[in-house]
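Peer 1: Here's the letter readout for the chains.
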Amino acid sequence: MANSLITLQEIVEQTTDLPSIPAAAVRVIQETDSALSTAAHIAEVLAQDQSLTIRILRLANSAYFGLSRRVDDLTEAVVVLGMRNVRNLAMVACSYPWMVRPLKGYALGPRQLWSHSFSIAVGAQLVAKQARIPNDDVAFTAGLLADVGKSALSVWLEDKLAALIVYATREGMTFDEAERKVLGYDHAQVGEYLAAQWNFPTSITQVIRWHHQPSSLETPDPIVDCVHVGDYLTMIMGYGLGGDGLQYGFDTTTLERLQLTTDHLDQITDEFVTAHDRYELMFEELQVA
Amino acid sequence: MAITTASSTQFLVGMSEIHVAKGPAIFTCLGLGSCIGLAALDVTTDVAGMIHIMLPEAFPDKPVDKLGKFADTGIKEWLRLLERAGAQTSRMKIAYAGGAQVFKFGANADSRLDVGARNATAVAEHLKRLGLRALAIDVGGSSGRTVTLDTVTGLMRVRTVAAGEKELVNLRK
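The listed protein sequences correspond, in order, to chains A and B.
Under the numbering used here, think of the first position of the first sequence as 7, with each following residue one higher.
Under the numbering used here, think of the first position of the second sequence as 1392, with each following residue one higher.
These aren't lab readings, by the way, just hints derived from the structure by calculation.
You may find that some hints are simply not true.
Said to hold, decoys possible - Simulated DEER-style distance windows between Cβ atoms:
id: 1; chain 1: B; residue 1: 1521; chain 2: A; residue 2: 224; range: 37 to 43 Å
id: 2; chain 1: B; residue 1: 1500; chain 2: A; residue 2: 47; range: 26 to 32 Å
id: 3; chain 1: A; residue 1: 53; chain 2: B; residue 2: 1545; range: 56 to 62 Å
id: 4; chain 1: A; residue 1: 141; chain 2: B; residue 2: 1413; range: 50 to 56 Å
id: 5; chain 1: A; residue 1: 286; chain 2: B; residue 2: 1523; range: 41 to 47 Å
id: 6; chain 1: B; residue 1: 1501; chain 2: A; residue 2: 20; range: 22 to 28 Å
id: 7; chain 1: B; residue 1: 1434; chain 2: A; residue 2: 226; range: 54 to 60 Å
id: 8; chain 1: B; residue 1: 1545; chain 2: A; residue 2: 73; range: 22 to 28 Å
Glycine is no exception: its CB is placed at the ideal position from the N, C-alpha and C atoms.
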């Protein structure tokens, strides 16, 4: 059933309205793993993009952070909120404009991909904190971008979604398995391709690629595991569900690797929803941004 | 969240919320995953209510911040609010939907991971314990559901992307 005539490159090249990430944000992400990256340098890089700077400052001053006084420049924001928070705000600010678009191929209405992606980010970071994984902010960024491939694959699914759901259910397949069978690629592969085109580091592209198949990696990656669990939490709590719904697998060995138990997971689910509700305060700023 | 129009008050029943109304109303639980949307209507007094349940039971070692979050604390509170508004349990028509789950778990997965099934079981048990019976139930599967109750027509509807909108039950009949 796979259409082997289409290549990943063709899928991406023939998709109009592809998402884009500003150069300044890409540079900040590229430096995520760099020990040399300093708060001042991050602020300097982001400040080169005026529109992005305005949006980041608007988020930094949102009710979510509850700062006692207004921050008016990026250097100050980095000092008050920390470099990792500002880097995450940069990703939020530059993903939001294209993530709010509806994706007909996945039956996602306006803001639904955003709601889903942001929830994965919040869930993945929370799981990373619970499992004491260092750099939990990377789990946030990677979680936010995990489903970026859907924005490119959507148009290819527009006339196939209903049939694909029926096919996947009948054959006992997850939705990503069905995507691979029917289109030759799943949204995780397309997402990895897109992120590589943006020159994102492997630490991020690897998460996008394997977030539905975390045990297929030769060497397990704790951030991939955190995003997999964050995605699971997002699906069961129903944030931004499209036609693919909950038609995915949950690899429970991720919990073992993260040393989390099922009891932990109920508590994490509760904390996840609470954290998500708090973030609504930031959403208010995004809607006017 | 409630919006009042000329004909009905519309309630968007968010996670862990309970809404009860007397008179024309439309209740909606949007995009249920493993959560359950449970609704009741007393046609005699025209009182109805919906609860959006998130987890089966409250944590023994943690205070309950929202009663509607858990089946054990929420169903009691939902019933108390319905009765306070004038509904009588003997006349109430009840239905619920939701409780979906991810499609596949790994081999030997702990059954506690199936939050959707645990929610559905908890709702059934708590209703039974209170002497209540649901007229219609639509739980399980791997699709997100949107559940709506229109108290004017009595229709409880369930919408999924794959199956579209279908009538689950008419609580006025």
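Peer 1: With reference to the structure, classify each hint as holding or not holding.
Peer 2: Comparing the hints with the structure gives:
Under the hint 37 to 43 Å, the C-beta atoms of residue 1521 of chain B and residue 224 of chain A, about 53 Å apart, miss the expected range. The hinted window of 26 to 32 Å between residue 1500 of chain B and residue 47 of chain A is violated, with their beta carbons roughly 45 Å apart. The hint said 56 to 62 Å for the Cβ distance between residue 53 of chain A and residue 1545 of chain B, and at roughly 60 Å that hint holds. Separated by about 53 Å at the C-beta atoms, residue 141 of chain A and residue 1413 of chain B satisfy the suggested range of 50 to 56 Å.
Between residue 286 of chain A and residue 1523 of chain B the C-beta distance comes to about 33 Å, which lies outside the given range of 41 to 47 Å. At roughly 44 Å, the beta carbons of residue 1501 of chain B and residue 20 of chain A sit outside the given window of 22 to 28 Å. As the Cβ distance of residue 1434 of chain B to residue 226 of chain A is approximately 57 Å, the hint placing it in 54 to 60 Å holds. The hint said 22 to 28 Å for the Cβ distance between residue 1545 of chain B and residue 73 of chain A, and at roughly 50 Å that hint is violated.
Comparing the model with each earlier hint shows violations of hints 1, 2, 5, 6 and 8; every other hint is respected.
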